[in-house]
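Trainee: Protein chains in written order, with the working numbering: chain A, 1 to 282; chain B, 1 to 282; chain C, 1 to 282; chain D, 1 to 282.
A portion of the hints provided could be inaccurate.
If chains are identical, the list can't say which one is meant, so a pair holds when it fits in one copy or spans any two.
Capping the alpha-carbon separation at 25 angstroms, the derived lysine-lysine pairs in DSS-like fashion look like this [unchecked claim]:
| id | residue 1 | residue 2 |
| --- | --- | --- |
| 1 | 246 | 48 |
| 2 | 128 | 246 |
| 3 | 156 | 53 |
| 4 | 52 | 156 |
| 5 | 114 | 52 |
| 6 | 171 | 114 |
| 7 | 4 | 48 |
| 8 | 52 | 171 |
| 9 | 171 | 53 |
Just so you know, the hints here were simulated from the structure itself, not pulled from any lab data.
There are 4 protein chains.
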Amino acid sequence: MAVKLAENNYGESRVRLLRVVRQEGRHDIKELTVGIRFEGDFESAHTKGENKKILPTDTMKNSVYAIARQYPVEAIEDFALHLIEHFLTYNEQVSRVHVEITESPWSRIPHGTKPHAFAFTRTHGREKRMANLLATREETTIRAGIEGLDVLKTAKSAFDGFLRDPYTTLKADHDGILATTIQADWLYEGEEVEFSPLWHGVRQTLLETFAEHDSESLQHTLYAIGEAVLATFDRIREIHLSLPNKHFNLVDLAPFGMDNPGEVFLPSDEPYGLIEATLRRE
Amino acid sequence: MAVKLAENNYGESRVRLLRVVRQEGRHDIKELTVGIRFEGDFESAHTKGENKKILPTDTMKNSVYAIARQYPVEAIEDFALHLIEHFLTYNEQVSRVHVEITESPWSRIPHGTKPHAFAFTRTHGREKRMANLLATREETTIRAGIEGLDVLKTAKSAFDGFLRDPYTTLKADHDGILATTIQADWLYEGEEVEFSPLWHGVRQTLLETFAEHDSESLQHTLYAIGEAVLATFDRIREIHLSLPNKHFNLVDLAPFGMDNPGEVFLPSDEPYGLIEATLRRE
Amino acid sequence: MAVKLAENNYGESRVRLLRVVRQEGRHDIKELTVGIRFEGDFESAHTKGENKKILPTDTMKNSVYAIARQYPVEAIEDFALHLIEHFLTYNEQVSRVHVEITESPWSRIPHGTKPHAFAFTRTHGREKRMANLLATREETTIRAGIEGLDVLKTAKSAFDGFLRDPYTTLKADHDGILATTIQADWLYEGEEVEFSPLWHGVRQTLLETFAEHDSESLQHTLYAIGEAVLATFDRIREIHLSLPNKHFNLVDLAPFGMDNPGEVFLPSDEPYGLIEATLRRE
Amino acid sequence: MAVKLAENNYGESRVRLLRVVRQEGRHDIKELTVGIRFEGDFESAHTKGENKKILPTDTMKNSVYAIARQYPVEAIEDFALHLIEHFLTYNEQVSRVHVEITESPWSRIPHGTKPHAFAFTRTHGREKRMANLLATREETTIRAGIEGLDVLKTAKSAFDGFLRDPYTTLKADHDGILATTIQADWLYEGEEVEFSPLWHGVRQTLLETFAEHDSESLQHTLYAIGEAVLATFDRIREIHLSLPNKHFNLVDLAPFGMDNPGEVFLPSDEPYGLIEATLRRE
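Given these sequences and hints, build the entire structure.
Mentor: Okay, structure coming up:
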């Protein structure tokens, strides 16, 4: 029997890091989780147990710390670019590097009317900022993203006119709850992107479009969100959205002689719908 | 052999609920998780399989929904009081009711310069507001609380002068990271407490004291926080704090010829220290 | 205002450990998670920021490793006793030590018809073995336990004759699913307990009694289990059981013209009932 | 600006199900979690809010239950084939259906020397059996898999001769711990595959090869496992393995005057290495 080693990669996942920048009267922090993957010439490690082209994943971890010391982290996309440059420079056996960075945001604790100089708390739910970079020696693609952004609205949400089959029991709904946890990532094009202002702009567009759109379905809202992002930010070539439809079922209070005009709902984690699409600038 | 049924209770846990109040031009929401426990005369259910004094836990769940329909939820402590009154009135076999409510906070999405009328997102990390009520027909104790409040500071944090034994390798630290996830609950005394303003006041005191205290240890900070709460809010008789000491270890960059003056840290989830204490007004 | 520091303790949680014992032709392993808490004379640390009586939690962690090196771990209760002896000997400021150990069980991979000498896998679901010891210089109480033991049966399970009120919609059930995740802990009395054989004996009694009991309710089954353990093991003075009633709801297939004679169920994680009791030898 | 709706799909995730088959003297159970995704002609739902081609995800859930009532579940791959046939038959707007099923295994509680007729417990760690089917009207690809299979060995594990750069501090290791959580999925070819015997055969091959292989790295072991599966099972065309390298670090006891000859290790969840590859029959 002939066996072929097809796609393969390896790396280090969940390298955690707090980077502190200490200036007189003001400290800044970034909390990151970094993942690194290498593709390249690793066949003999698999087939012969020969490790001479294998940089230990422990070294990848050390590299993250050493490079973080050298470059204070502003935008996570820039930090990922430094890591990629390092790995491609020193590892000729590697043809492609994948760097994924997740930022867990911290905000300053209010101190009287001002933000505190060195004390922080979390103010962003389970929300994370993401960067996903894939680089060869010829080309680098940069995707930014957000995940865990919980949103919910109690109006401008309908679902009617859908396909019915013998197993369909769902009723049309004209004033239900629309709730999702936005996971989005988008592809930048061109040079010299200002990563952080753009990211904050996209986040605001996601929230506002979700809130204001007159929704006929979660598909309808997904498309409106994607279209708004592409219309607003010309450095974004495509956006991918993955939106769970988190069911909030109206509780049936009729057995207790009560109506329930959209007031008491049962939130549930499972099952959930899932709507996914990519929108691309033509 | 004689066996005695000692302490026993039963109930329904994790009853989830979204309560919507719809007014012209403004919707309000509360997302709650409710737990209920009964103590009482349940011996024959255990020893004989006789269920005539057992109200099904499914009925407890239904009761939460029916009562939520009747009383729009303002403060979770008030909603718990309605549940307790219901259960003690209709269940003479029950001697004590325990109601625990967790609120998962939502905030309004910004809409231009104003908060949105009916669209919401999360802005409080993993933070939850808690209420814990324990009631007999004679007496009700009301505890409010907070959990999941992540805080971190990069200055005013020392740990030195500690006890050393042969297994001690820790170095004294004068400018490390102090990080914890505040879990606090406190006991109210007296009638007519305004639950929501008080809760928000305590939360602010927790944050400010953590930020400003010149800490010699997490014990030292815990005590300062508890003392500040008792000094500020005379309706609070005691406060219990449970503070994990989340270790952020300075990464050793010396093997790479670099120093690390408090700039690159490794956050870790385990192991962690845990400091707990109750402070009580004399 | 006078503030009193009431109950307080501190310690290190989630100290993880794999202990390997290497003999010719056979390796043994134990994977443990250890938690340690001290009570004692810590008032000045809280009130004055004076650390001279505070043994660092980092030292507690080091002590676990150093003592694990000296005593190969057989029963976790014995390892906890070594830890307690160490801490009470070297820390006169400590009045009470609490040690909690969780064992995550590994089993040998089958190797032909024999168990493998040094390769392991998990065969116990989410099940953990627990030990919980609380010691002063005068007295040590030893509790052993189990958690995460999932069990389910499809017969000998009824629930009928229960109390009904206006919010009761539950139907009597004579052949439903009874499912729970057993959490039990028990108190040993006397000297020279053989911890591991006893633990395995209790585990087998829990499983068999759950399976064979003709259940009128989960309370009824809890009592039968507790009674069987106390009747079988005279070194056990009391047992506490905490049993979630994991609801498996029969799916209503009538809208599709189908019956459902106990064949298709919806498992759910929330809400769940919770039944708790302590049984004590008189 | 022109925007194009590119790849898109929708469906229902985490539909949970317990299927009971009741025969005289013996009950059988299967606990499943099902996910369904549709690809097809959904453009107008996105762009116009027109739902006439959208079968509700709630109907997908109902279909799972109705079809489970009609076909007792033996192999999850067969159940997935029934679901696919149903959806492709009744939904001409759908071009491709993806069905993913996860089985959470239950085993019979021992009853004396025999397995119990109707009482079950879990004996497989966090292990799940998976099926992943992707079908158009022309073609169906069937992948089976396993996830959460924890394995660990204390011998026959080396890592040496690796690439070193200035950030490399890792020492060569000749008798460390090799630990991973196997996630594997494989592609069947041909008709009339006997899914369950094959799945159990692959599982046994995974375990045995992991245990016996003389490992120079996790890459080396991954390849050996994949090769063994392809050599043993000719109905399997390719196999993909994703293996986290779970670091167990030898604890440094030198500061306490102790050696540590492979006896006391620190297990850690993060960071972890990750090795991935696909092996394909030529």
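Trainee: Measure nothing new, just compare the shortest in-copy and cross-copy C-alpha distances for residue 128 and residue 246 to 25 angstroms and report within, between, both or neither.
Mentor: Both ways: residue 128 and residue 246 sit 19 angstroms apart in one copy and 20 angstroms across, limit 25 angstroms.
Trainee: Indicate which option fits the pair residue 171, residue 114 if close means a Cα-Cα distance not exceeding 25 angstroms: within, between, both or neither.
Mentor: neither (50 angstroms within a copy, 34 angstroms between copies)
Trainee: Regarding residue 114 and residue 52, is the shortest C-alpha distance of 25 angstroms or less found within a copy, between copies, in both, or in neither?
Mentor: Classified as neither: same-chain Cα gap 55 angstroms, cross-chain 37 angstroms, threshold 25 angstroms.
Trainee: For the identical chains here, do residue 52 and residue 156 meet the 25 angstroms Cα criterion within one copy, between copies, both, or neither?
Mentor: Classified as between: cross-chain Cα gap 20 angstroms, same-chain 61 angstroms, threshold 25 angstroms.
Trainee: Between the shortest in-copy and the shortest cross-copy C-alpha distance, which are at most 25 angstroms for residue 52 and residue 171: within, between, both, or neither?
Mentor: between (63 angstroms within a copy, 14 angstroms between copies)
Trainee: My question is about residue 171 and residue 53: at a cut-off of 25 angstroms on alpha-carbon distance, are they close within one copy, between copies, both, or neither?
Mentor: between (60 angstroms within a copy, 16 angstroms between copies)
Trainee: At 25 angstroms max between alpha carbons, let me know whether residue 156 reaches residue 53 within a copy, between copies, both or neither.
Mentor: Close across copies (21 angstroms), not inside one copy (58 angstroms); limit 25 angstroms.
Trainee: Go through the copies and call it for residue 246 and residue 48: within, between, both or neither, with a Cα cutoff of 25 angstroms.
Mentor: This pair counts as between: shortest inter-copy Cα distance 22 angstroms, intra-copy 49 angstroms.
Trainee: My question is about residue 4 and residue 48: at a cut-off of 25 angstroms on alpha-carbon distance, are they close within one copy, between copies, both, or neither?
Mentor: Only inside one copy: residue 4 and residue 48 sit 14 angstroms apart there, 48 angstroms across copies, limit 25 angstroms.
Checked against the numbered hints given earlier, the structure breaks hints 5, 6 and satisfies all the rest.
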